Each structure stands twice: as C-alpha cells, then as structure tokens.
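Q: Residues per chain are reported as follows:
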Amino acid sequence: MSVNIKEWPGVPLKDRDIQSGKALTTRWQVKADYAWDTGMAMGTFLTGLKEGKILARQCDKCGRTVVPPRMFCEWCFRPTDRWVEVKDTGRVNTFSVSYVLWDATRVEKPTVPVVVEIDGCSPGVGFMHILADVGTTLEAILAKVKVGMAVKAVWKPAAERTGAITDIIHFVPREG
Amino acid sequence: MGYKNRVAVIGAGLTKFMRRAQETGKELCFEAARLALDSAGLEMKDIDCVALATAPDAFDGVHMKGEYLADGAGGFRKPYMRSYVGGGSGVFAINHGWYHVASGHFDACLVVAEEKMSPVMPHPQAAFNAIYDQIMERPLGVNLLWIFALEMNRYMQVHGISQETIALVSVKNKKNGLDHPCAQAGIPGNYTVKEVVDSEIMVWPVTRLMVSPVSDAAGALVLVSERLARRLTDKPVWIEGVGWHLDTSYWTNRDLYYPKYVEYAARMAYRMAGITDPKTEIHVAEIYDPFAYKELHHMEGLLLADKGEAPKLLEKGVTQRDGALPVCPSGGLMGVGNPIAASGVMKLAEIYWQLRGEAGARQVSRPVRRGLAQAWGDLMQVGTVAILGV
Amino acid sequence: MGIAEKPRRMEDIRTWYGEQPIWHQYTMGVAGERFFRALKDRGVIMASKCPRCGCLLVPGRMYCAECFVHTTDWVEVGPRGTVNTFTVLHEDLDDQPLAEPVVVAFIQFAGTRGGLIHRLGEIKPGEVACGMAVEPVLRQERTGGLEDIQYFKPAR
Chain A
114 MSVNIKEWPG
124 VPLKDRDIQS
134 GKALTTRWQV
144 KADYAWDTGM
154 AMGTFLTGLK
164 EGKILARQCD
174 KCGRTVVPPR
184 MFCEWCFRPT
194 DRWVEVKDTG
204 RVNTFSVSYV
214 LWDATRVEKP
224 TVPVVVEIDG
234 CSPGVGFMHI
244 LADVGTTLEA
254 ILAKVKVGMA
264 VKAVWKPAAE
274 RTGAITDIIH
284 FVPREG
Chain B
203 MGYKNRVAVI
213 GAGLTKFMRR
223 AQETGKELCF
233 EAARLALDSA
243 GLEMKDIDCV
253 ALATAPDAFD
263 GVHMKGEYLA
273 DGAGGFRKPY
283 MRSYVGGGSG
293 VFAINHGWYH
303 VASGHFDACL
313 VVAEEKMSPV
323 MPHPQAAFNA
333 IYDQIMERPL
343 GVNLLWIFAL
353 EMNRYMQVHG
363 ISQETIALVS
373 VKNKKNGLDH
383 PCAQAGIPGN
393 YTVKEVVDSE
403 IMVWPVTRLM
413 VSPVSDAAGA
423 LVLVSERLAR
433 RLTDKPVWIE
443 GVGWHLDTSY
453 WTNRDLYYPK
463 YVEYAARMAY
473 RMAGITDPKT
483 EIHVAEIYDP
493 FAYKELHHME
503 GLLLADKGEA
513 PKLLEKGVTQ
523 RDGALPVCPS
533 GGLMGVGNPI
543 AASGVMKLAE
553 IYWQLRGEAG
563 ARQVSRPVRR
573 GLAQAWGDLM
583 QVGTVAILGV
Chain C
6 MGIAEKPRRM
16 EDIRTWYGEQ
26 PIWHQYTMGV
36 AGERFFRALK
46 DRGVIMASKC
56 PRCGCLLVPG
66 RMYCAECFVH
76 TTDWVEVGPR
86 GTVNTFTVLH
96 EDLDDQPLAE
106 PVVVAFIQFA
116 GTRGGLIHRL
126 GEIKPGEVAC
136 GMAVEPVLRQ
146 ERTGGLEDIQ
156 YFKPAR
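So the sequences go chain by chain: A, B and C.
Here the numbering used here is used: the first residue of the first sequence is 114, the next is one more, and so on.
Here the numbering used here is used: the first residue of the second sequence is 203, the next is one more, and so on.
Here the numbering used here is used: the first residue of the third sequence is 6, the next is one more, and so on.
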C-alpha cells in the first residue's frame with residue numbers, strides 16, 4: 114500500500130562520499146579483449162570494403178536486398194541466395210548531432226551520426242555512419258541536412274583500406 | 203484460454219531510486235522483496251518460486267548476475283529463474299511470474315527486478331556501447347544516445363512534431379515525480395518547456411532534460427493464484443493480459459518512426475484481456491519513457507493513440523493525472539529514475555496502487571478499473587506489456 | 006536447409022578485434038561497510054545475527070537468506086579460525102608459473118556460518134591440513150578491504 118508505506122529503503126551516496134572515503138569501495142578492472150570470428154557474411158563484406166565496394170545479400174523469398182549482409186534471412190528463416198554489389202551512394206533516413214563521446218565526455222565540435230539508405234538495397238535498408246561537410250554548428254547542420262538528402266561515401270585511399278567499416282571515412286552530401 | 207490459474211498481484215515494494223546506492227545489488231533486492239512480502243502479509247516460506255529480471259551484468263559488474271542476486275531475491279533453495287530483455291525486463295518480469303502461476307505449477311511467485319548501474323566506470327554509457335554491432339557500428343565511436351536521437355528525429359520528421367511538444371512529456375513527468383516517495387534526488391521538478399529544450403544538448407534532438415537518469419534500485423511484486431488471493435486480500439489486482447514481442451536487431455533495416463514490436467506485444471495482451479478498444483478500455487497507463495519522446499512513440503505503438511496523434515493528446519492534457527487517459531502518473535522514468543529493469547516494476551507497482559486507490563497524491567482523478575504497464579528494450583527491439591484489472 | 010555456401014577466398018575468413026574498456030567501482034554494501042570498517046578501524050572480524058534462526062553469518066550481512074529477515078546484532082568473532090578446505094596455486098591468472106606456490110584457504114570461525122577465503126602464509130604447502138587452526142595477520146596501514154588482512158598464519 115503506497116500510502117501506507119512510511120519508510121522507503123535505500124542509502125543514497127554522493128560522489129564526494131566515495132571520493133573522500135566516507136563510503137568504502139573497491140575496484141576491479143576486467144581485462145576483456147575479444148577476437149570475434151566475423152562469419153561468412155561479414156568477412157566477405159569487409160573484404161568488399163577493402164576493395165572499395167559495398168556488398169549486399171539477396172533473399173529470393175521476400176525479395177529483399179539487405180545490408181549489413183547475412184547468410185540467412187531473418188524474415189523468411191532460410192539461407193539468403195546471392196551476393197550483389199550495391200552503390201556507395203544513398204539517402205539520409207535519419208540523423209542526429211552528437212556532443213558526447215563514447216564515455217559521455219562532452220566535445221565542442223559535434224559529430225553527425227546518420228542512417229543512410231543505400232542505393233541498390235530494398236527501400237529503407239542501410240546502415241549507420243557519419244555525415245561530414247555539413248557544418249560545425251548546430252544551426253548550420255540543421256539548415257543543411259534533411260531527411261531524404263542524397264549522400265555519397267568518401268573512401269580511404271586503397272592502400273590504407275584494411276577491411277573495416279571505417280574504410281569509408283564518412284558520407285558527404287551529393288549534389289545532383 | 204488454456205491456462206490453469208487466474209493470477210493476482212497482492213503486494214508490491216520498491217527501494218528509493220538513487221544515483222549511487224550504498225546497498226549491494228543483493229541488498230537492494232532484499233529490501234524491495236521484504237517490503238513486498240510485508241505488504242502482502244506473507245513470509246518467504248509462503249513463496250513457491252522466484253522470477254527475477256535484471257539487465258546487463260556489465261552494470262553491476264558481476265558475472266551471472268541472476269545467480270548472484272538470488273539470495274537477496276528469496277531464491278535461496280527455491281525454483282528460481284532470471285529473465286533479461288534489456289529495458290523490457292521489468293515488465294517481462296511479471297509476464298514471467300504470471301506463467302509460473304497460471305500454469306498451475308506454483309501458487310505464489312515473488313517477482314523481483316533490480317539494477318545497480320553506478321559501479322560501471324567511467325560511465326554507464328560506456329557499458330551500453332556493447333549494444334552496437336562490433337564490426338559495423340562500434341568503430342564509429344558510438345554513444346548510446348545516438349540511437350535514441352536518430353529514432354527521435356525520425357519520429358519528429360515523419361509526423362512533423364517539434365522538440366517543444368516532446369518537451370511537454372518531460373514537464374509532465376518531472377512534475378508528477380514530485381509526488382513519488384522513491385523519486386531520485388534532483389530528478390523531479392517544475393520545469394518549463396523552454397528550460398527542457400534549452401538544457402544541454404546531448405545528441406540533438408535529445409537534450410539533458412529529455413533523458414532519464416542513471417539509477418540504482420530494486421522493486422518486487424507478489425503474485426498468487428486466485429485460490430490464495432481470495433484468502434489473503436479483499437482487493438486482488440488481476441493480471442488480465444500479458445504480451446511480449448521482439449523485433450530484428452538489424453535496426454537500420456526498419457523504419458524507426460513506429461515501434462511495431464510494441465504493437466504486437468500489446469495485441470497479445472489485449473487479446474488475452476478481451477480488450478477490443480484500448481483507447482477507452484485502458485483507464486491508466488504507465489508507458490516506458492526513458493526519453494521524453496518515447497512516451498509518445500510507445501503510446502502509438504500501444505494503440506492508445508493513432509500514429510502521429512499522441513503529441514496532440516499530450517498537448518490537450520488528456521494524459522495528465524486529471525485527464526481522460528492519464529499516462530505516467532508516477533512520474534515515469536523521467537520523473538523518478540531509470541534503473542533499467544527495476545523501472546518496469548516501478549510502473550507495475552504504480553498501476554497496482556492506482557487500481558487499489560492507494561496512490562495517495564499521485565492518484566488519478568478518473569475512476570480506474572484497468573491499467574497497463576509497458577516496457578521496451580534492447581536495440582530498439584523489445585516490447586513487453588502487462589494489463590492489470592480489478 | 007542450412008547455409009550451404011562456402012567461403013570464396015581465404016581473405017573472407019576474418020577476425021575482428023575489440024575490447025570492453027570499462028572498470029568497476031563497487032560499494033561494499035550497507036553490511037559490507039560495517040564489516041570492513043570494523044576490520045579497518047579495529048582489526049576485528051564481525052558476524053551478524055539472524056533474530057529468527059539465531060545463526061551468525063560471516064561476513065556480516067544485512068539479511069539472513071534463509072529466514073529472509075533483517076539481521077539484528079553484530080558480534081566479533083575469531084580472530085582464530087579453522088581451515089575448512091584449501092588449495093595450492095602454481096600459476097597466475099595468465100597461466101604463468103608463480104615464483105612460489107600460493108596457498109588459498111576457506112577459513113571458518115567457531116559458531117558461525119560462512120567464512121573468509123584468503124591466503125595462508127608462514128607455512129609450506131605440504132604442511133597445510135584441513136582442520137588446522139589459523140589466525141589473521143593484519144596490515145599496519147589498513148584501507149577497509151579484504152587486503153587489510155595480509156594472510157592467515159598457523160595459530161598455536
């Protein structure tokens with residue numbers, strides 16, 4: 114009975130309680146390094162990126178062309194049928210403007226995460242990346258970037274590509 | 203419908219929601235569970251089994267967190283199971299407990315949900331990064347907030363909703379949270395739309411006052427069969443519907459403007475409860491609001507508003523405590539706190555107390571006979587729904 | 006029907022490397038705070054008492070898991086304890102040989118349930134026996150953690 118409970122348990126601590134040692138703590142660093150097998154789909158996809166290509170998989174049952182590629186279609190629950198090379202251009206599905214890094218520290222100059230619908234894939238299908246050359250202030254970015262805007266990938270030079278999503282440095286607006 | 207027992211909730215307990223609790227996860231579970239048992243007038247020996255929900259082990263920093271928390275959750279020498287569907291866990295916990303008792307296998311089940319997020323350093327957001335694909339996404343320097351901002355922007359763009367309208371959710375819920383005795387210090391408050399929109403931009407369009415905080419807490423519910431409920435209480439709160447549903451983790455291959463998986467989970471629960479017109483048959487709703495826009499997004503997924511219409515209901519005051527369909531009278535995650543799994547049980551406890559008329563200052567104005575609690579989680583993937591009624 | 010396709014080229018068989026760069030700062034807990042403060046400030050080991058079954062739990066805990074009630078009184082126990090079981094470590098966590106083998110034991114205290122896991126010192130591995138009496142060697146500078154005890158040594 115919410116109205117009948119008079120005392121709610123919990124001992125809240127402030128950050129300074131811990132810093133000052135008023136509340137005892139102990140630390141542990143997990144050393145967790147991983148070596149993931151990429152699987153066939155992503156292994157082939159990464160080789161494709163190294164070669165400057167974006168590769169997708171097709172399922173004949175639902176007819177989708179999907180990226181990131183997968184060896185089985187999760188809709189139809191059957192193996193996908195073939196590889197196709199799709200374009201390195203697309204349209205903005207959605208975007209945002211980030212002032213925080215992976216560990217929550219703040220930055221002055223924002224990053225623009227974007228979901229790009231890749232040309233050649235089924236409608237609405239694509240992956241996340243970074244948008245560049247769209248301004249450095251919020252006002253400039255919001256004036257420039259629109260959902261549906263055409264974009265294209267900017268690649269690292271062939272000699273610098275290793276087979277990673279970062280072989281594409283970022284996407285930029287594509288005129289025309 | 204093919205199950206043996208009707209199931210009722212007869213007790214609930216919550217700890218305070220705290221940015222950093224001194225209690226260990228086990229102690230948080232114990233305090234919530236003890237309070238729930240006391241409110242039901244039961245002892246642990248009266249409980250047949252325990253269903254515990256808790257989200258990533260990485261927060262508490264223990265391996266096999268379910269097993270670790272067991273003795274604080276009453277799992278000592280009892281049938282015990284842990285479930286985990288990210289943020290959806292808290293409402294999945296009651297679904298999980300429900301089928302233990304509905305099956306006829308057990309008569310009394312203790313449902314517990316816990317989260318202790320404060321141990322992970324440098325910040326819980328860093329642990330959340332593992333939600334992203336290690337090959338396609340993490341190398342981009344991701345932060346958890348990106349994915350919410352991307353979804354929020356898509357929702358705004360498709361329906362033409364402004365940041366100011368979405369900010370009304372923060373205003374409503376943070377005000378409602380002032381009346382919740384467990385609300386985290388510094389979280390509830392009287393804010394204006396302007397203060398919410400002008401607060402620090404995290405990842406546009408998400409500002410600081412549109413994000414729920416990191417929290418430590420636990421919650422617990424006591425579930426019993428009809429036979430026991432009739433003996434132990436004169437106002438059992440029946441579980442009338444449960445639903446859960448998961449979408450693909452290939453989130454960039456679906457349109458984020460609408461949470462289909464929430465709709466499917468809701469339909470499952472409505473079908474079981476015999477509800478054909480949720481907008482009128484649900485009287486109060488605790489909708490999952492880790493971000494301000496999520497309350498609107500999910501309200502549409504729950505079929506409590508047509509697509510694009512939730513903001514209009516909010517603007518008209520329909521979802522206020524004195525409105526026709528109050529949403530988050532507790533204050534929600536925005537107004538109370540967000541200890542991932544425990545948030546869902548906080549919402550269930552609120553519906554339980556609302557249906558019994560025991561929510562005190564938070565009691566909604568209209569008469570309520572049926573309430574809904576919903577949670578969401580994973581990579582924009584899971585919908586979990588429970589419908590309670592008297 | 007499973008996935009029948011085979012890799013086309015050797016370079017398609019890849020490994021992706023990554024890490025989880027997080028660490029954890031744990032509070033001792035409400036009970037743990039009391040237990041480790043006592044160890045730090047007074048160099049004593051404490052147990053908590055369950056008001057229902059009367060058992061004494063080491064380390065002191067907030068609740069008795071069996072009776073599911075809050076514990077009440079806290080009492081000092083030991084410091085003499087008994088080795089319930091032990092093992093001898095020959096390698097470290099990275100599988101590298103240790104310069105000297107390390108004995109780790111589970112030490113119980115009379116009249117209590119539970120106990121502490123810690124190292125044994127001032128004793129050769131071959132001399133350790135289950136049931137032998139041990140007592141803690143405390144550090145001069147204590148911080149409020151398990152390492153406030155350096156090791157347990159044989160007691161007379």
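A hint or two may mislead.
In silico EDC-like cross-links for lysine to aspartate or glutamate, where the CA-CA straight-line distance does not exceed 16 Å [what the hints assert, rightly or not]: (1) A:Lys144 with C:Asp46; (2) B:Lys518 with B:Asp273; (3) A:Lys144 with C:Glu152; (4) A:Lys119 with B:Asp436; (5) A:Lys163 with C:Asp46; (6) C:Lys129 with C:Glu105; (7) B:Lys280 with C:Glu81; (8) A:Lys166 with C:Asp17; (9) B:Lys247 with B:Asp273; (10) A:Lys144 with C:Asp17; (11) A:Lys163 with C:Asp17; (12) A:Lys144 with C:Asp97; (13) B:Lys247 with C:Glu105; (14) B:Lys481 with B:Glu511; (15) A:Lys166 with A:Asp201; (16) C:Lys54 with C:Asp17; (17) C:Lys11 with A:Asp194; (18) A:Lys119 with B:Asp381; (19) C:Lys158 with C:Glu140; (20) A:Lys257 with A:Glu273; (21) A:Lys222 with B:Glu560; (22) A:Lys135 with C:Asp99; (23) A:Lys265 with A:Asp201; (24) B:Lys377 with B:Glu402; (25) A:Lys119 with B:Glu402.
Facing chain B, from chain A, some residues (calculated, C-beta under 8 Å) [to be verified]: (26) Ser133; (27) Ala136; (28) Val267; (29) Ile282; (30) Val285.
Hints listed in this document are in silico derivations from the structure and should not be mistaken for laboratory results.
Quick caveat, the model's predicted, so the values are computed rather than measured.
Glycine included, each C-beta is placed from N, C-alpha and C at the ideal position.
Q: Are the hints correct? Go through all of them and say.
A: For each hint, the structure was consulted:
Proximity of Lys144 (chain A) to Asp46 (chain C) is assessed by CA-CA distance (about 32 Å); at most 16 Å being required, the pair is judged violated. With a C-alpha separation of about 47 Å, the suggested pair Lys518 (chain B) and Asp273 (chain B) falls outside the 16 Å cut-off, and the hint is violated. At most 16 Å may separate the alpha-carbon atoms for a hinted pair to count; Lys144 (chain A) and Glu152 (chain C) exceed this at roughly 21 Å. For the given pair, Lys119 (chain A) sits about 22 Å from Asp436 (chain B) by alpha-carbon distance, which is inconsistent with the 16 Å threshold.
Distance check on the hinted pair: Lys163 (chain A) and Asp46 (chain C) sit about 61 Å apart at the alpha-carbon level, beyond 16 Å; violated. Restraint check: the Cα-Cα separation between Lys129 (chain C) and Glu105 (chain C) comes to about 10 Å, which is no more than 16 Å; the hinted pair holds. For the hint pairing Lys280 (chain B) with Glu81 (chain C), the CA-to-CA distance comes to about 31 Å; that exceeds 16 Å, so the pair is violated. Our distance criterion of 16 Å between C-alpha atoms is met by Lys166 (chain A) and Asp17 (chain C), whose separation comes to about 14 Å.
Restraint check for Lys247 (chain B) and Asp273 (chain B): satisfied, since their Cα atoms lie roughly 14 Å apart, inside the 16 Å limit. Taking the CA atoms of Lys144 (chain A) and Asp17 (chain C), the gap is about 28 Å. The hint is violated against a cut of 16 Å. The straight-line distance between the Cα atoms of Lys163 (chain A) and Asp17 (chain C) is roughly 11 Å, inside the 16 Å bound, and the hint therefore holds. A distance of roughly 14 Å separates the Cα atoms of Lys144 (chain A) and Asp97 (chain C); the hinted pair therefore holds under the 16 Å criterion.
Between the alpha carbons of Lys247 (chain B) and Glu105 (chain C) the distance comes to roughly 49 Å, so the proposed pair goes past 16 Å and is violated. For the proposed pair Lys481 (chain B) and Glu511 (chain B), the alpha carbon gap of about 12 Å is at most 16 Å, so the pair holds. Distance hint between Lys166 (chain A) and Asp201 (chain A) is fulfilled; the C-alpha atoms sit about 7 Å from each other, no more than 16 Å. As the CA atoms of Lys54 (chain C) and Asp17 (chain C) are separated by approximately 62 Å, the hinted pair breaks the 16 Å bound.
Taken as a hint, the Lys11 (chain C) and Asp194 (chain A) pair is honoured in the structure, with Cα atoms around 12 Å apart against an allowance of 16 Å. Our distance criterion of 16 Å between C-alpha atoms is met by Lys119 (chain A) and Asp381 (chain B), whose separation comes to about 14 Å. Restraint check: the Cα-Cα separation between Lys158 (chain C) and Glu140 (chain C) comes to about 5 Å, which is no more than 16 Å; the hinted pair holds. Simply put, Lys257 (chain A) and Glu273 (chain A) have alpha-carbon atoms about 30 Å apart, too far for the 16 Å limit, and the pair is violated.
About 50 Å separates the Cα atoms of Lys222 (chain A) and Glu560 (chain B), which puts this hinted pair outside 16 Å; it is violated. Taking the CA atoms of Lys135 (chain A) and Asp99 (chain C), the gap is near 35 Å; set against the 16 Å cutoff, the hint is violated. Taking the CA atoms of Lys265 (chain A) and Asp201 (chain A), the gap is about 6 Å. The hint holds against a cut of 16 Å. For the hint pairing Lys377 (chain B) with Glu402 (chain B), the CA-to-CA distance comes to about 20 Å; that exceeds 16 Å, so the pair is violated.
The suggested pairing of Lys119 (chain A) with Glu402 (chain B) is violated, with an alpha-carbon distance near 36 Å, which exceeds 16 Å. Checking Ser133 (chain A) against chain B: minimum C-beta separation of about 14 Å lies over 8 Å; hint violated. For the restraint placing Ala136 (chain A) at the interface with chain B, the shortest Cβ-Cβ distance is roughly 6 Å, inside the 8 Å limit, so the hint holds. Taking 8 Å as the C-beta cut-off, the interface hint given for Val267 (chain A) is violated, the closest approach to chain B being about 14 Å.
The beta carbon of Ile282 (chain A) is not positioned within 8 Å of any beta carbon in chain B (closest approach about 11 Å), and the interface hint is therefore violated. With a cut of 8 Å, the hint placing Val285 (chain A) at the interface with chain B is violated, because the nearest CB-to-CB distance is about 15 Å.
Consistency note: the structure conflicts with the earlier hints numbered 1, 2, 3, 4, 5, 7, 10, 13, 16, 20, 21, 22, 24, 25, 26, 28, 29, 30.
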